Amino acid sequence: MVLARREVATPPAGRGRGRKTGHGSVRGNAVRFGLMAVPVAFFGLFFAYPVVAIVGRGLRTDGVWQFGRIGQVLSRPDILDVLRFTTWQALASTALTLLIALPGAYVFARFDFPGKQLLRAVVTVPFVLPTVVVGTAFLAVLGRGGFLDELWGVRLDTSVWAILLAHVFFNYAVVVRTVGGLWSQLDPRQEEAARVLGAGRLAAWRRVTLPALAPAVAAAALMVFLFTFTSFGVVQILGGPAYSTLEVEIYRQTAQLLDLPTAAVLTLVQFAAVGGILAVHARTVRRRETALRLVDPAQTARPPRGAGQRALLGGVLLTVLLLIVVPLGVLVERSLDTSGGYGFGFYRALQSADASGSTFLVPPLEAIGNSLQYAAVATLIALVVGGLAAAALTRRAGPLVRGFDALLMLPLGVSAVTVGFGFLITLDEPPLDLRTSWILVPLAQALVGVPFVVRTMLPVLRAVDGRLREAAAVLGASPLRAWREVDLPLVRRALLVAAGFAFAVSLGEFGATVFIARPDNPTLPVAVARLLGRSGELNYGQAMALSTILMLVCAVSLLLLERIRTDRSGEF
Amino acid sequence: MNTTTKYAATALAAALGVTVLAGCGGSGGDASGSEGSEKTVTLVSHDSFNASDAVLKAFTKETGYKVKVLKSGDAGAALNQEILTKGSPRGDVFFGVDNTLLSRALDNGLFTPYEAEGLDRVASGAQLDSAEHRVTPVDTGDVCVNYDKKYFADKKLDPPQSFDDLLKPAYKNLLVTENAATSSPGLGFLLGTVAAYGETGFEDYWKKLKDNGVKVVDGWEQAYNEEFSGSAGGRKSKADRPLVVSYASSPPVEVLYAEPQPAEAPTGVATGTCFRQIEFAGLLNGAKNEAGGKALLDFLISKQFQEDMPLNMFVNPVAKDAELPELFTKFGATVDAPATVAPEKIAENREQWVQSWSSLVVK
Amino acid sequence: MLALDAATVRFGERTALDAVDLEVADHEIVCVLGPSGSGKSTLLRVVAGLQRLDGGRVLLDGADQAAVPVHRRGLGLMFQDHQLFPHRDAGANVAFGLRMHGVSRAERDRRADELLDLVGLPGAGRRAVAALSGGEQQRVALARALAPRPKLLMLDEPLGQLDRSLRERLVVELRTLFGRLGTTVLAVTHDQGEAFALADRVVVMRDGRIAQTGTPLEVWQRPASAFVARFLGFDNVVGATVTGTAADTVWGKVAVPDGSPGGRCELLVRPAGVRIGGPEDGLRCTVGARTFRGHHVAVTLRPDEGPDLEAECALRDAPDEGATVGVTFDVAETVVLPPAGPR
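As you go down the protein sequences, you meet chains A, B and C in turn.
According to full-length UniProt numbering, the residues represented by the first sequence are 1 to 572, in order.
According to full-length UniProt numbering, the residues represented by the second sequence are 1 to 363, in order.
According to full-length UniProt numbering, the residues represented by the third sequence are 1 to 343, in order.
Chain A on its own, in the form it takes in the complex:
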């Protein structure tokens, strides 16, 4: 389908399509604004308004904006240290992630090997797991008694390396998916053509593949930078008190010290930084969508040949094993390692209504139910909001709409505590007194899910040939009907992929769930955190068992996604 569109460019109609052919009409605009009404209302009400309110609470005294505070806060040496460290570790993490994950992207794109699908799902699991769960496992690898310690006596748990490597662990999949996804669709024959024209292997790669890949690499690097710039759990758990990022500092200033002015300034700084990253990202993504000759990924992958390729594959598999599989394996191992030897004792304890005669902190099976329920509702909201936004953004249009595109990504870069506390002071009037309602949790989770939905669906929606819609229209389908008959079935797979991602992300979401007041329906990550918050072997073991369950649920949903992955989706 994509191929067809790229190969046949009808000169006049082709040039006019999408820009001029009626979409620019008043009617088209009305439809677009209609579609955008829900996403705009959603983001306005549940994101912009709360965030502005909490920032305003910090920067305004007696109705007067105190912008002088920005300068005051930003001249504090401790804050400058935080800013410097935040930027430095994000840059270092991004570089390290690219260094380690780009060979992986190549291997996943170009080689066929048994278990590839499974492995691709496995490397994505960290991305959707909450840091509370992963911190433990990661310490086990890098820290005392980890394999580095056992083999060479190297311990990284107290160094900044722990943070950097954990960031690689979390973001490996971002690079493999974004870059590898495109790489696998680049026609290898273009490189071959360059070889025939006399370019050496390296020169051919540098002149043909690299330029085609560069926007994807840039997009992936920016996403990794964004995620590491706003890193919270990793820095808190692995870095210890000596290291603090902007996000950690915002949390501390808001939740612990209630120093709202400082928090507001930091939020603005982070906002500006994230906005900048997203603006650059939006530009590279758009460049990426410019015509590239793409082919079916199945055609480009082949089993590795020769010692060099096998060594590369081996190296990548070893990296994945050490960096991702071992930490995850440690969780599983610990969930089975009871005082009476290996067994399912902790899992059985999850089911028993009453452990050791005392009331359960969290009935664990109930937590699974809660998690599934929240994730289902969050996914539904994310699909509706994200789907409508994607539909509205399908038609390329002016800078306003493009700005909206980037705006949808902003929640990824805003601290959960900012949003959570913002909810508190804004959603307090009927009919929107949602502060004590359970719906707040899935709403907050949906804020994180929407960008994934939009980013997954948009490329697919945009790849739907506009003339299919026209064909339907000529055959008597109204615009709405044409959308339903043509677009919807074509993007169904992307929709499922988006749903799965939103589901997995909601399932692992921790921040919003813990900062938002809610009736006591703890989710899996919250239950894990609570179990870890108590001494006692059973608590610890059950935390590991629940983490393993969470990991399995995430892995299974990701594996299902692998099966229905569409050509153009998988931005993350």
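Keep in mind that the hints are not guaranteed to be accurate.
A partial selection of chain B residues facing chain A, derived with a Cβ cut-off under 10 Å [stated by the list, open to error]:
| hint | residue |
| --- | --- |
| 1 | Leu-79 |
| 2 | Glu-226 |
| 3 | Ser-231 |
| 4 | Ala-258 |
Hints in this document: simulated from the structure, not taken from any laboratory.
Model, not experiment: these values are computed from the prediction.
Note that beta-carbon positions come from the ideal geometry of N, C-alpha and C, so glycine has one too.
Position chains B and C relative to chain A; hints supplied.
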């Protein structure tokens, strides 16, 4: 019905199905119960709040009020959220402000004074606002250094008992504590040293403690589960610090959550290193159900609740007539002279103490 | 049936349709012929309602269509690259239009089968679109466009993507089929062979304007301008001045048919009218390339002066490359065209 509609319908039904199923499995359904109704009293608290269903049901039976519990973050975050929503609170009663944060709550005028029934049964030492009764003490807990019994037995070394002991070379590189800026036990331990060595002397103490190899991690979870050799997590990750800042109630919890139950707790408490935390509850200013809130406050210090509390939150009751469960009497430690610092003093100096502590120990 | 009244479309600076007037009568097959960029596809899109007019009107059965959206115009359009719905099988593609018009399922199935039979694909209803060959896709696309019995069927480069032999066969089939069904057809193509084989009437377009309208025979025999002539593949065009029954050209004097207007003009000599004789006969030329075209040979002749000439001759009469020959012109294959204007 055409194919597309069918797909859409199937997807929708599946999504709804999951929701409904999850609703059945979990307790999400009852969360959406009617709000602000006379019959519901809402308790806002931190994540550690826990009470037996039976006890809450008994309250409903006694007073006719159903208790709805909202939990929001750790103790600090929960209180700060209350301060943010001052005047338009989410609930009727707030539980979980301790003596380290008490002044912040009182200065912000969060609570309506109410003298709970049965307050005469409550230890007077815990009644820090006895003049105005804006808050009612509910429980106490002690932040103390815990030790790994096996380690000290193996080394044939006596575990430390006091703050001074921790400076001894025998205990070099053995203690792990939490960040006083972000962790409640971490702050408690710092305040304990302030109480013991005075506002000027504590800095000197920490210098020495640092020289003796104290390790600081961010939170209790990392300290206890990752670094402390006496915990389940610590044993698995070959942790090498046999001393950790935790609670006096941690040893009984270790016993409770072990299978099979050991005859003796694997950890002990250095009773000379304790700082006492007292937790309070108060009637929120602007509560929709004041009468219900008052009834709930009465209930929180009732014998029934006070006796239920230890095994749910692992704290000590404040009511003198409440009996401690056997688990506590058998495996817990008796802390005779815990350190304390007056709330006003904490409020006044907290920032500064934490700051100088940070620059001494963390940087 | 269909009438365009000064239809005008602009894309920014460029005028894609420049006040085009066109009428299509019931049961007529009209082919719009033109090079790419001449505005012929835009013409179809305007009629279908896929392209907004910047001026003029589109009338169907006398009714202005300005306010009628695409899906209510009741037209059929077969896209250049078929645009079959990839997620539906062949039968569902054919039945799509009927479904949009609320036709019952049984009736739809019956009619889809009937149309697939008609286009020569009996029993192909359950086949996936991706599994069809180019020619089969073509037929499905045609069946799909025909299914709702459109009052006007529009074809955009209907046979453009097919190989030559298939194209030649299909074009005959199509004409027969349309004749039998009495379908009114408006087709666009850049291939004059296709247009002449299919159409009752041919409309040649150039730069958004109509350059010539007429039956295939008329257009073939009397191209209205040098542009049309060249577009039809006739390259033996030269500037001339007619006096009586002869014209002065760089090739020398050429006889023209009786009654040709006098004065400046462009002169066309069809390749069949270029006679090759001995070097002493007429215009002296050197033989350039020879191209075999099945039944005849196209010979490029290089006169000492003036543009190259193309001649058509029998296989065994073809002169050797490099030979010097003499050329005379057959008056029956000579056409006087209007002089090249400013445009």
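These are the hints, each one checked on the structure:
{"no.": "1", "hint": "Leu-79", "verdict": "holds, 8 Å"}
{"no.": "2", "hint": "Glu-226", "verdict": "holds, 6 Å"}
{"no.": "3", "hint": "Ser-231", "verdict": "holds, 6 Å"}
{"no.": "4", "hint": "Ala-258", "verdict": "holds, 5 Å"}
This entry satisfies every hint, going by the numbered hints stated previously.
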